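*Asks:* Here is what each chain is made of, one letter per residue.
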Amino acid sequence: MPLLRFIATRISISLVTMLIVAVVIYFATAILPGDVASRLLGRSPDPTALAILQKRLGLDVPLVFRFLKWLGHVLIGDPGVSLISGQPVAEIVGRTLWNSSLLALLALLIYLPIAVIPAAIQAIYADRKTDHAISGAALGIMSLPDFLLGTFLLLAFAAWWPIFPPRSTIDETSGALDVLRALVLPAVTIALVMGTYATRYLRENLIEVLNSDYVRMARLNGIRESTVLWRHAFPNALVPTLNVTSLSLTYLFGGVVVVEKVFAFPGFGNLLVSSLMQLDVPVIQATVLVAAAIYVAGNLVADLLTVMVNPRLRYQ
Amino acid sequence: MCRVRMKAKILGLGSAVAFMALAAAAHAESCLRVVTFEWKTPHIIDPANILENSDLMHVIPAYEPLVVFDNDFVVHPWLAESWKVSDDGKEWTFKLHEGVKFHDGAELTADDVVYSFQRLIDPATGSQAKSDLSFLKPEDIIAKSKYEVVFKTDHPVAEMPILVAGKQQLIVRKGKTHDELMKESDGTGPYMIASGFKSDSPRTKLVKNPNYWQPGKPYMDCIEISGVPDPITRMAAIQSGDADILIAADATTLPTLQKDPNVALYEAKNAMMMNFAMQTDVPPFDDVRVRQALKLVIDRPAMTQLVTLGFGSPGNDNPVPLTSPFAVQSTPEAQDIEKAKSLLAAAGKSDLTVDLYTGASDLVPGMLAMVQAYKGMAAEAGITVNVITTPNGGYWDTIYMKKPFFTAYWWTRHPASSLSIGYRSDAQYNETHYRHPEFDKLLDDAYAEIDPAKRSDMYKQAEKQLMDDGGVIIPTFVSVVAAVRKNCTGFVPHIESRVLFQNVKCN
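Chain order of the listed sequences is A and B. Read in the numbering used here, the first sequence has 20 at position 36, and its numbers run on one by one without any break. Read in the numbering used here, the second sequence has 15 at position 13, and its numbers run on one by one without any break.
Treat the hints with care, as some may be off.
Said to hold, decoys possible - Heads up, simulated EDC-like pairs for lysine to aspartate or glutamate below, C-alpha to C-alpha not over 16 Å straight-line:
(1) A/245 <-> B/40
(2) B/200 <-> A/155
(3) B/139 <-> A/30
(4) B/200 <-> A/156
(5) B/207 <-> A/156
(6) B/169 <-> B/72
(7) B/200 <-> A/75
(8) B/207 <-> A/155
Hint data in this document are derived by calculation from the structure and do not stem from the laboratory. Just so it is clear, the structure is predicted and the values come from calculations on it, not from any experiment.
All chains should be modelled from the sequences, with the hints used to inform the complete structure.
*Replies:* Below, the structure written as structure tokens:
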């Protein structure tokens, strides 16, 4: 029962957080310098044209009424239409969210071996040359900013040895293979950024576990080294690494905007930046809300998982 | 142990095969692939409302103007095959090309032109072209016959042809609304935006117009436009053959592209000017001798080479480039340190010190190099130039036109526009606080003068006055450089990216 109450509390706190985000984002975009009407009409617009356009965009209604109307529509899942193109915002945000999800999925698939294999090798050969060499390489990759890493990969595999497309400009007409090809370079970039970070965690944990009493016991019992590593040590070392992984979730949606820029990938981060530059307010609001929702949901899930894994927290 | 290794081997082999298969799947595109430098979604494809370069790239292949202009702003026939003006300069008649078809199959007639221009000046349309066409009234745009359109004005408008050739001044099918034009194109251009267009898509495919009026054209089945914000990615796209045309290559990538045997560079000279502005009503710049000295210290060819790395041309403190047929002087002014010194001595300012403001990083590529070169050249004449930099973010709000001596840049315009927008007494961007009734009168007379030769002379007089007396220093014009794969022919670079895509063919 206390567990259920805990879950209910966490969910309601999350909903309140979302509501606060909605209020803040709405009024923050309202005080952005300049409005879309004057951007559409140029630097010194004709007053008649300005009045007509503001009326058409609904900018002549008081702010509070606009907010309430907007909130009502958002609650029923309709964040309105783009002020610039008149296209439904849900459609625009949905498409980039889909693209970003594909990218995140592939990045995670590549991330796992990148994080696990070097860590396992390092743990086996701890404090020997192989360990130091891998540590050095990982540190080298870690200290590169993600856009630079992406640029290096792009130059290597799209320019000098052109096996992947430099432009990841995928749309609905792209075939599955084209989409996959377009995703590889950005996904590898992201996976390397996240993976080199996780490797260091995993290596530490693996070494610790491999030196623990129960592993020593397993070895004394004559269990093969590979079984010791993968069946007994690895699962225990993985838990802290999964925490690091869940923290990377927000990076995957929005944080990767510079990687998206390098590959001209139509992702969620790009949409956030371009709608801000275009002052396309309904799109800005919807993207920020979705980003906040991903963040809040990620935290919620992480909290709940932690509670379920750790019995001590259940009754507090 | 052995089994693990075997597994690893099989796994490794498997992924290698998958990787190769993935890599080998080559594109089978027969499209002309055009890459531009920005991609500001959502895109506006109603030609009356376009804003950004990537909007322009959408409408250029789909819509056409009455007349086109070249890189010297000389006007050539297009949808209008000829035009004439009445003796009083108040009535212009454009004769349309016959047999031109819209994307929906209808023939182009004078009614479509009347509709297009009435739409542009209607405030409800909200077009940025409205201010350029402020001299037009809807009832004075008349279809005289099936193929003749008349524009009547209250006062003579000598530059009518260039004024109807603006970015938004494209001809759409009569009766088409904004909502319809945002869904698919209905122009006369060589390629069409088909229905199902998504304004937020990362690339747009335009298909061949089978009824295009120029026989045999366009040469390609389709044209695919996309935008790549990162300069290195753009370079990789053209070098790897993933793109056929790069509309504007970044200055930093030009040396690499120049060496690529598969890529040709096309230079549209004089696309942009880089300038210093001295406010002519603030000391010491209120003394014409000081202004002249500050102009004379520049070695223009050397500075241009330094600033543009060879992709530029010297300027003469005149917004009209040297090679323009409207330019008063076609050779760069020579550096003259002695004359500068004597002018300063006469003005009693032999040890002149001035503060020059610019952005902390390049406002446009080469700007800081230009400022530093200027500082060095001015020092030869005993002038101390203190370069003061401020963060780029606030430059246009806090420094531009607010300090007496600062840097700026302008895209090149037709002389009628470039001389008035920055240097008339009442100009909105009068950077140099230049207020001279005789200069304004020269421009007013030129706008009413329908004899092109006489009008050109008036522009030249105004330019001469600006060179001798004005507060603007324009040492350099910068080129826009397009990169095109060598298997493509027919590409002609344009300073406003208005490429005639119907002539481009890639094998």
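*Asks:* Each hint should be assessed against the structure and marked as holding or not.
*Replies:* Hints, one by one, checked against the model:
A distance of roughly 10 Å separates the Cα atoms of residue 245 of chain A and residue 40 of chain B; the hinted pair therefore holds under the 16 Å criterion. Our distance criterion of 16 Å between C-alpha atoms is met by residue 200 of chain B and residue 155 of chain A, whose separation comes to about 10 Å. Taken as a hint, the residue 139 of chain B and residue 30 of chain A pair is honoured in the structure, with Cα atoms around 15 Å apart against an allowance of 16 Å. In summary, the hint linking residue 200 of chain B to residue 156 of chain A is supported, as the alpha carbons are separated by about 10 Å, within the 16 Å threshold.
Taking the CA atoms of residue 207 of chain B and residue 156 of chain A, the gap is near 12 Å; set against the 16 Å cutoff, the hint holds. Pair hint residue 169 of chain B plus residue 72 of chain B holds up; C-alpha atoms about 14 Å apart against a cutoff of 16 Å. As the CA atoms of residue 200 of chain B and residue 75 of chain A are separated by approximately 10 Å, the hinted pair is consistent with the 16 Å bound. As the CA atoms of residue 207 of chain B and residue 155 of chain A are separated by approximately 11 Å, the hinted pair is consistent with the 16 Å bound.
The structure shown violates none of the earlier numbered hints.
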